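The lines below spell out each chain.
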Amino acid sequence: MSRTAQSARSCAAILILLCGGRAWGAPAEAATGVAAPWSAQQFLEEHCLRCHGEKKQKGDLRLDTLERDFAAPLTAAHWAEVLEQISSGAMPPEDEPQPKAEEAARVAEWIATQLKEGEAARMAKRERVTFHKLTREEYAHTIRDLLGVNFDAADPTGLPEDTSWQGFERIGSVLTVAPAHVEKHFAAAEAILGEALPTEKPKPLVWKRGWRELRGGSLEMAKELGMEDKVRVEVWPGSSFNGGPPGPIDVNLPATGDYVMRIKLSGLKPPKGRAPRVSVYAMDLDRLIWEQDVVAPEDQPVTLEIPFHAPAGPHLFRFTCEAPGPSNLPRAGRPDGRRLFTTIKESLARDSAVGRHPWQTKLFDDAGVPILPFLIVDSVEIEGPLLPAWPTAVQQRLFPAGGSGDLAQAREIVAPFAERAFRRPVRTEEVDRLLKLVESEMKSGEKFESAVKSALLAVLCAKDFLYLVEGSMERTDQRLTDWELAARLSYFLWSTMPDEALLELARKGTLREPAILRGEVARMLRDPKAARFTTAFPRNWLQLERVGMFPPDKKLYPDYNAHLEKSMIEEASAFFREVLEKNGTVREFLDSDWAMLNARLAEHYGLPNVAGDALQRVALRAEDHRGGLLTQAGVLSLTSDGQRHRPVHRGKWVLETIFNKPPPPPPANVKPIEPTPPGQPKATLRMKLEAHVSDANCAACHRKIDPLGLAFDNYDAVGRWRTAEKIKEGSGEDPKIDASGELPDGRKFAGGAELKRLLLADTDKFAAAFTEKLATYALRRAMTFDDRQALAALTAQSKTLEYRLPAIIEGLVMSDLFQQR
Amino acid sequence: MSNILQQRWLLSRRHFLRGLGATVALPLLDCMQPRRSVAAEAATKPRRSVFVYIPNGVNVLTWQITKAGRDYELSAPLKPLEKHRENITPISGLHHPGGIGTAHVCADLWLTGAKLSQEGGAYRNSISCDQLMAEVTSKQTRFSSLELSISAGVGQPNNSTTLSWSRDGVPLPAEDNPRTVFNRLFGEEPGGVDVQRRRLNRRHSVLDTVHEDAKTLRRTLGGEDRSKLDEYLTAVREVEVRTERLDSWLNVPKPKLEPAVGEKFQRNVSRAQAGEYYRTMYDLIVLALRTDMTRVISYMSGSESQGLAIPEIGISQTRHELSHHNGDPEVMARLSKSDAFITEQFGYFLDQLSTVRDGDEALLDRTMVLFGSGMSYGHSHGNANLPTIMAGGRALGFKHGQHIDYNLPKIGAYDVANAGAHYNLCHKPVNDQAHLSNLLLTMLQKMEVNAEKFVDSLGPVSELLA
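For the record, the sequence lines run as chains U and P. For reference, each letter of the first sequence is one residue, going 1 to 821 in this note's numbering. For reference, each letter of the second sequence is one residue, going 822 to 1287 in this note's numbering.
Honestly, the hints are just simulated from the structure, not real lab data. Small disclaimer: the values here were computed from a predicted structure and weren't measured. Ideal placement from N, C-alpha and C gives every residue a C-beta, glycine not left out. Don't take each hint at face value.
Just the calculated beta-carbon pair ranges, DEER-fashion [what the hints assert, rightly or not]: (1) P:1273 to U:42: 52 to 58 angstroms; (2) P:1220 to U:163: 42 to 48 angstroms; (3) U:206 to P:1084: 38 to 44 angstroms; (4) P:1041 to U:662: 35 to 41 angstroms; (5) U:611 to P:1231: 58 to 64 angstroms; (6) P:1142 to U:687: 56 to 62 angstroms; (7) P:1041 to U:154: 33 to 39 angstroms; (8) P:1011 to U:390: 26 to 32 angstroms; (9) U:226 to P:1142: 33 to 39 angstroms; (10) U:160 to P:1142: 38 to 44 angstroms; (11) U:531 to P:1041: 36 to 42 angstroms; (12) P:1238 to U:154: 53 to 59 angstroms.
Sample of chain U residues facing chain P (criterion: CB under 7 angstroms; computed from the structure) [to be verified]: (13) 127; (14) 131; (15) 177; (16) 178; (17) 179; (18) 183; (19) 283; (20) 286; (21) 316; (22) 433; (23) 440; (24) 458; (25) 461; (26) 462; (27) 473.
Derived lysine-lysine pairs resembling DSSO-like cross-links, with alpha carbons at most 27 angstroms apart [claimed, not checked]: (28) P:866 to U:555; (29) P:936 to U:184; (30) U:125 to P:936.
Construct the complete structure from the given sequences, taking the supplied hints into account.
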C-alpha cells in the first residue's frame, strides 16, 4: 500500500512539474470548472483537504484549487490519478480514518463520469471547418459509385485499418492521416483510374484446370483403364487440393480487374451430418473470396460462379472442403494420389486401381450412402478481366469520341467529376487549379487523356474527397448546407456518396423540407444499400469486431469454426435488419420471441433443424433460452478469452452497450484469479470472484458490474447453453451454475431470462442509450454534455412512437442535432 | 594499390575503387541532401547491415561450439572462419518465440519475429527489421534496400523466397540473378531516366495541386489549433519531399565501372557451380555496399525448399533432403560438409569486406552481418538454439572474439554425443529470455532506428556492445 502511495506521490510530483498551472501555491480561490456535487465536495473536505489543501500539500498535491476543467488533458490526468488512488483504497492512507466504501465509490464514479465527459468534449470539439475522414470501407463504396471499380480496401495492398473508439470505426477526431496514408491513397487512386480508364485493352485470360492439375495422378494409368476423361477429384472434409503439375489454383492474372471463377462440382451430404462447404481463400491477398454449402448429387454436378476482384500478378487460391472429418494426416486413412476416383458405384464395384485402399477410411458405405461430407470436383476455370463494355463505361462517359482534345474539353470533364467527387458544387478557382495541372502535363508531353487523368487523380487525393467537410469560414450559422446534409445522410444510411436523386434535391435546395427529407429517409432505408448500415452500425455498437479476437481453443471448443463465427456476426446484423424492416421496437433488442438463424447456428444452439445457410426468422420457445441480443452467441463470446467466459467483461459490455454507462477502470494492482488446488472441490468462476462481493472496496463498483454478466453464466465461452460449469482444476463434480443476482436498486433476478425482463422494465434508459449510440454513429463524433437536451428530446419523442426503430432513425435525421454542425 | 573511399559522403564525392583489378570513378556529385537534413548528418559515415540466411538448419551435433567465452574453439564446419575470429561472435541458444514449432515458416519470420498461422488462418506478416533500417538509410542511398535470394520473387506463404516484409506485411520480391541485379544497380533505368522522371514529376505535380488546394483553405482558417487539415497538409508535404528526393537521385549519374568489373556479372553462373554462384552473389553485395548504392541487404542463400546441392564436393542432395537425414550417419556427414562449404563461402565474403578499405577502416567495420538460420535441427524441425553468427560492425560499437552462449548457464555442458539430448535443446528453448529479436533490436539501434523494442525483444544484447 505504502509503495503505491509513494509512487503516487512521485507520480503527482512529476505531473506537477509538467504542469505549472496556477493551482499550485496560488492564493486559495474557488476551483473553476464543473461544480462538484455536494457529496463529493464533502468527501474531499472530510478525507483529503487536511493533507492536500490550503495548510498542507502532501506530495505537492492540492485538491481544493485543482481545476475542474476535465476537458484539459493535464487537468484530466491529475484527476485520473486521484481516481486511481481513491478506487484502489490507497488514499486516504491506512493510518487515517477511512471513508465508507459507498462514499468512496460515489466520488470515484463522479470523477470517472467527468473524465469521460471531458474526453468526449475534447474529441467532439468542432472548429469552423470540420474534416471527418471516410473509413476505408466508405472509400471503397464511394469509388464504386463514382467510377464503377471494385477496390479491395482491406487487402494488404489496400488502405490501412481504421482506428476505432469504443467500437466505432468512423469517429472523425480519431482517424488520422500519416504520410503512409497519402502514399496509399495515391497508389490506390492510380490503380483505380488505371482500371476505369485503361490505356490498352487487357488480354483475356484463358485458364482451366482439370483433375490432372488439381490432384495429380498418373495419366498413363488412367488411359490404361480407359477412364482418362472420367476421373474426378474427391475432396475430403478438411482437405484442400494438393495438386500435381503445374499446381492447384495458381494463376497469373493479366490485369487488375473483375474475374469469375467457375467450379464444377458435386457435394455429398451424409443423412444426419453437415453439408460439405466450399471455401476459396486467396492466400496472398489474405481474403476469403467465397464460401457456401454445396449439395449436389454426383451425377448432377453444379457450377459455382464466383466473382472476385484482384490485382494483376500471380495469385494462389486454396480450395477447401470445410467440414469436420477424420484426421488430415496422410497415414490416417486418407487416400493417396495413386487411387483414382470416378464414381461411387465404380469405387464400390472394383477394388483394383480405382476406389479405396482396403485400409482407408470410408467416405461412403456399401450402399453408396455418404458417411462423411465430401466434394467431388471436375474442373476449375477462371475468366477475366470481365469487361462489360469496351471502351469502358467510364471512358465513354468522360472521353466520348470526337472530343476536341483541348483545355475546354478538359474543363467539361474535370468540373462535373470534381463536383460528384466533392459532393458539392465546385468553385472556379478549384477547377482552374486542376486545369493548370492538365496544361502542365500536356506541356510535359502527355497525351490528352493521360493529362486529364492526372487531374482526376488529384481529385481522388483531395481533402474534399477523402474527408466529409462541413462548414466554411464565411458561414457563421450552425446549419448544414443541403449538400452537407445530403452527404451526412448518405454516409449514415448507405456508407457512400449521395446518389443522383439526393444530389438533385440538394441542387434544388429542397432537401431539408420536412416532407421531402422524411421521404428520402424512407426511400434510403428501403434501398439495398441500406444493408451497409445494418451491417456496420451493429458491428460498431455491439463491438462485434471482438468476436473471435481470442480464437476459442480448438481442444475445448472443437466445433467452433470460421463458418460458425461468420454466422454469429451475421446473426446480429440480420436481427437488427429484421427489426428495422418489420418496423419493430428497440424492446426487441432486449428480448424477443424470435431469432434469425441458419442451419449452423441452429446446430450450435441445439434448436430444431433449420435448413440452409441463409438466415431466416424462427419462432422461439421459452425453453430455447434465446431471444434479443443479449443471449446471441456472438455477443456472449466476444468477451471470452479463448479459454473461458469472462462474466465481469460481460457485465461491462452490458453497461457500455445497453446503458452507455461504462464503469470506471479497475485499480492497477488487482491480484489475478488463483487456480483451485487439486485437493479442493471445483469452484465456479463466480465463487472465485467472491472478493468482488466481500471486499467493500471492490464491491462498491463491482456490485453494479458483475450481476449483469453473471446472469448469463448459463452460456459458455462460445455461447452454448449449460447448467453446470465445466471445470478442470479441483476435485468432485462440475458445480451447478448460479446465475442469480441483484441490481443496484435492489431488484432481484434468478437468471438471464429474468434479467431481460427487468431490463425491459427500464426500456426508457435503454432507449436513451441507444439513441446516443445511433447519434454517435450518424454524426461521427462523441456526444457531449451540450447534446444532452437534444438527445433527451429525441428519446421522448420516439417514446410516443413506441420506440420503433425506423421512427428513431427518422427522428434523428429530422432533428437539429443532425441538421446542424 | 590504395582503396580509397572518401569520407565526405554527401556533399561531394569522388572515389576510386581498386581491388577487383578495376576502377570505379564517380564524377563529382552535386549536393543531394534531403531537404530537411542537418549539416551533421552530411558528415556522418554510413552504417550498413547485411542478413545472410541458411535454410533447413544445420547438423547441430557438429555445428555446436561447446565452450563459451573468449577461448572458445570453432567447431569443424566453422573452422574456415578462424582468421576472422576477432570480427565474429557466434551465439548459441537464441530463438523466436513465435517461431517455435513452425517448421519451414521459420524462414518467413526470421527477420520479422511474427507469429504466423499455418493452420489456414490468416497469414499476415509484420515488418522485417531490415525494412525498419531501410526507412532510416533510404534518405542517403539510391536504393533503400536490396533483397537477394536463391529464387526470384516472393515465393509463397510458408515457403518464402524473400526475407523482407514491408510495413503492411507485403513481402518484397527478391532477385536471384547476378546479372539482373548488376544491371538494375549500375545499368540504365528501366525505361530510361526520362520515363522515371516523368513518373515522379507527375506525382509531384498532382500532390502539389492537392497541397495548394488545402493550403488555400488553411490560410483562410487563420490561427486555429493543430487540426485535421494540418495533419493532412503535413502528410501530403512529406510525400512530396520523398518524391523530390527520388527525383534528385535521377540527377546523379550512376558510378561508371570498368568493363572488367561488369563482365564478371554478365556471365551466367550456373547454380550447379555452387561455390562460384555464391561467390558471385557475395561480390555483388560487396560492390553494392562499397558504391553506397544501398546500406541494407538481405540475402537468402537458400530457401527452405531450395538449398543448393554442391556437386563440386560430391553432394548431390539439396539441403532439405540432407536435413531430413533420419539419423543416417552418411547423410549427416554430408550435411556437415554442406554446412562447412557454406561457411567457407561466407568466409570469402568476410574476406572481401575486410579487404575493401573505407578510409582507414575496413568496409566490414561499419557493416553488421548476421549469418544464420531460422531452424536448427532440421530433421524434426527444431526452431530453438538457432545457428547464429554476428560479424562486423566494430566501428559501430560491437566487440567480438567470444562465443555468447545462453544454454550453458542452465545446462552446464554440452553433450553432443548424446544426440537425443542435444536435439531436445534445439526444440525447446533452454533460456526463454534468449530471443533472437534481442539481437535484431541491437542491430536496429546501431543503425540508428529509433526503437526501444522490436516485436518480442527484451533488450539489446549487451555482451556484444563495447
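Outcome of the hint check:
{"no.": "1", "hint": "P:1273 to U:42: 52 to 58 angstroms", "verdict": "violated (45 angstroms)"}
{"no.": "2", "hint": "P:1220 to U:163: 42 to 48 angstroms", "verdict": "holds (43 angstroms)"}
{"no.": "3", "hint": "U:206 to P:1084: 38 to 44 angstroms", "verdict": "holds (42 angstroms)"}
{"no.": "4", "hint": "P:1041 to U:662: 35 to 41 angstroms", "verdict": "holds (39 angstroms)"}
{"no.": "5", "hint": "U:611 to P:1231: 58 to 64 angstroms", "verdict": "holds (59 angstroms)"}
{"no.": "6", "hint": "P:1142 to U:687: 56 to 62 angstroms", "verdict": "holds (57 angstroms)"}
{"no.": "7", "hint": "P:1041 to U:154: 33 to 39 angstroms", "verdict": "holds (36 angstroms)"}
{"no.": "8", "hint": "P:1011 to U:390: 26 to 32 angstroms", "verdict": "holds (29 angstroms)"}
{"no.": "9", "hint": "U:226 to P:1142: 33 to 39 angstroms", "verdict": "holds (37 angstroms)"}
{"no.": "10", "hint": "U:160 to P:1142: 38 to 44 angstroms", "verdict": "holds (42 angstroms)"}
{"no.": "11", "hint": "U:531 to P:1041: 36 to 42 angstroms", "verdict": "holds (40 angstroms)"}
{"no.": "12", "hint": "P:1238 to U:154: 53 to 59 angstroms", "verdict": "holds (54 angstroms)"}
{"no.": "13", "hint": "127", "verdict": "holds (6 angstroms)"}
{"no.": "14", "hint": "131", "verdict": "holds (4 angstroms)"}
{"no.": "15", "hint": "177", "verdict": "holds (5 angstroms)"}
{"no.": "16", "hint": "178", "verdict": "holds (6 angstroms)"}
{"no.": "17", "hint": "179", "verdict": "holds (4 angstroms)"}
{"no.": "18", "hint": "183", "verdict": "holds (6 angstroms)"}
{"no.": "19", "hint": "283", "verdict": "holds (5 angstroms)"}
{"no.": "20", "hint": "286", "verdict": "holds (5 angstroms)"}
{"no.": "21", "hint": "316", "verdict": "holds (6 angstroms)"}
{"no.": "22", "hint": "433", "verdict": "holds (6 angstroms)"}
{"no.": "23", "hint": "440", "verdict": "holds (6 angstroms)"}
{"no.": "24", "hint": "458", "verdict": "holds (4 angstroms)"}
{"no.": "25", "hint": "461", "verdict": "holds (5 angstroms)"}
{"no.": "26", "hint": "462", "verdict": "holds (5 angstroms)"}
{"no.": "27", "hint": "473", "verdict": "holds (5 angstroms)"}
{"no.": "28", "hint": "P:866 to U:555", "verdict": "violated (55 angstroms)"}
{"no.": "29", "hint": "P:936 to U:184", "verdict": "holds (26 angstroms)"}
{"no.": "30", "hint": "U:125 to P:936", "verdict": "violated (40 angstroms)"}
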